[in-house]
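So the chains spell out like this:
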Amino acid sequence: MADIRSLQDAVADLVHDGDTIAMEGFTHLIPYAAAHEVIRQGITDLTLVRMTPDVIYDQLIGAGLVRKLVFSWGGNPGVGSLHRFRDAVENGWPRPLELDEHSHAGMANRYVAGASKLPFAVLRGYRGSDIPTRTDTVSTVVCPFTGEELAAVAALNPDVTVIHAQQADRAGNVQLWGLTGVQKEAALAADRVLVTVEEIVEELQPRPGGIVLPTWVIDAVSVVPGGAHPSYAAGYSTRDNAFYQAWDPIARDREAFTQWIDDNVRNTEGALTR
Amino acid sequence: MTATPAGPTGFTSDELMEVNAARALADATTCFVGIGLPSTAANLARTTVNPGLVLIYESGTIGSKPTRLPLSIGDGELADTADAVIPVPEVFNYWLQGGRIDVGFLGAAQVDRYANINTTIVDRGPDRPEGRLPGAGGAPEIASNCGKVLMVLRHSTRNFVRRLDFVTTLGHGSGPGDRKKLGMPGAGPVAVITDLGVLRPDPATAELVLTELHPGVTVEQVRAATGWELTVADTVGTTQPPTPDELAALRALKAAEKPGAAGEPATTRKPAATGDPGAAGKPGKETR
Chain A
90 MADIRSLQDA VADLVHDGDT IAMEGFTHLI PYAAAHEVIR QGITDLTLVR
140 MTPDVIYDQL IGAGLVRKLV FSWGGNPGVG SLHRFRDAVE NGWPRPLELD
190 EHSHAGMANR YVAGASKLPF AVLRGYRGSD IPTRTDTVST VVCPFTGEEL
240 AAVAALNPDV TVIHAQQADR AGNVQLWGLT GVQKEAALAA DRVLVTVEEI
290 VEELQPRPGG IVLPTWVIDA VSVVPGGAHP SYAAGYSTRD NAFYQAWDPI
340 ARDREAFTQW IDDNVRNTEG ALTR
Chain B
87 MTATPAGPTG FTSDELMEVN AARALADATT CFVGIGLPST AANLARTTVN
137 PGLVLIYESG TIGSKPTRLP LSIGDGELAD TADAVIPVPE VFNYWLQGGR
187 IDVGFLGAAQ VDRYANINTT IVDRGPDRPE GRLPGAGGAP EIASNCGKVL
237 MVLRHSTRNF VRRLDFVTTL GHGSGPGDRK KLGMPGAGPV AVITDLGVLR
287 PDPATAELVL TELHPGVTVE QVRAATGWEL TVADTVGTTQ PPTPDELAAL
337 RALKAAEKPG AAGEPATTRK PAATGDPGAA GKPGKETR
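As you go down the protein sequences, you meet chains A and B in turn.
The numbering of the first sequence is our numbering, which starts it at 90 and goes up by one.
The numbering of the second sequence is our numbering, which starts it at 87 and goes up by one.
Honestly, the hints are just simulated from the structure, not real lab data.
Be aware that a few hints might be false.
[Stated by the list, open to error] Cβ-to-Cβ under 10 Å is the rule here; a few derived chain A residues that face chain B:
1) Asp143
2) Gly167
3) Val168
4) Pro208
5) Arg213
From the three backbone atoms N, C-alpha and C, an ideal C-beta is built for every residue, glycine too.
Construct all of the structure, not just a fragment, from the sequences and the given hints.
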């Protein structure tokens, strides 16, 4: 059953040094506030998992907390590169970053296998691509029925998955809607689950395409209005595209980045949390 | 982003590329849309040559009808205006791998003569580390499983290379028959639309051949911007210049690109976020 508790306490309890952690959200509902709490608490040596690393992982990588990244597309969508990610990969700053790189189809299926508690998933993928030469989590398997050779991708089972959602009820059942990405799979694949929500409501009203995660698959719910900013929560906020554009010059420069993290994350109280 | 300024003809080389990329979608029913130039082209097609075109974005939207160009593949407007919003594993397994999508529209950092794509790393010489690009995203399976593939990118020797530093996404491999050997269901790349003209794979060799020039562009210009010895078709056509309607539609889409210009939900709540440099940042142009 999910406890409804402060973000600070939930992160301290559920996220540990050396963990494999997935903070998912396909552009929508990205759990920025929780990632900032991880930075504030200095939780380190993390293996980060995410299809689209986005600015949230640029910040964690630049803050020096990340040992390894498992991903399929690392850019600032529509803007350009993730400069902290590139600096870590190309120059080892502030520390070397190990990569386990996939395609989107492969990553999505790795989460599906993880949620299904299977060792791997199959797909028609990676054909003719050099990607399998750089990872040990893609292989092939022969279909026992047709003889077709298919790609096999290893299951992803994070120690902890963190997502942001629109609403929870008082019992800790959570509902998210709009673009729901791979959040359900990432949550069900993980040992521990933390959900930040825009608000607590008396009763969850069914939404078209909405996903309900029952309280008994979640460890903690924290109420963090605006916790997805500069990403967004459909029905509550819109994507702050101007922030994504403004991030580019900040992230290009090591000093500007460090100053930004100090001013806006490390030396704040986490004012959004309660 | 550099773009040739609008000359005496009244349109830019980028606009020529975008309009021609949109026209290439005239007969498509469904299109899997990459972000950047492909998204511009697909949205322009919806407002010009193919109003019924079904746009599918990998974030999980089917039938998006945005009124402004999305900055990311997950802008809220794509979901708000969609016929259906589905989880990401479904996008790739049921819809793409399931063979439901006619056309995949991709960009690229590097492309070779067989329309193979690199979006992963670039070799910057022995003394420098590999340059890091965003990676594969959906492209390997889009190129494999869509009925056919269109590509759009600017033409330069940086992008059109003799040898890819990394094959992220297979186009035609090393020649005819490679796709079949690998069991790839779709036809693969059928056209590469650039700011100089259009290249198409030769049916016999699968090698990209210059088949059309944009108005005012010469074969020599295209050769100079291509990193391999480019084969030129026996008869090279010239693309039609953009019509006033096409140009107006393209410019309207771009003018509406600015966030907040249209289609925002009424319940916008601006989070009192931790230091928001976005407030001071000016929204810029889409760069990729």
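Now the hints, each set against the structure:
Restraint check, aspartate 143(A) versus chain B: the minimum CB separation of about 9 Å is within 10 Å; hint holds. Restraint check, glycine 167(A) versus chain B: the minimum CB separation of about 4 Å is within 10 Å; hint holds. Below 10 Å, beta-carbon pairs count as interface contacts, and valine 168(A) has one with chain B at about 6 Å; its hint therefore holds. The beta carbon of proline 208(A) is not positioned within 10 Å of any beta carbon in chain B (closest approach about 17 Å), and the interface hint is therefore violated.
Satisfaction of the interface hint for arginine 213(A) is found here, the shortest Cβ-Cβ separation to chain B being roughly 6 Å, below the 10 Å cut-off.
Checked against the numbered hints given earlier, the structure breaks only hint 4 and satisfies all the rest.
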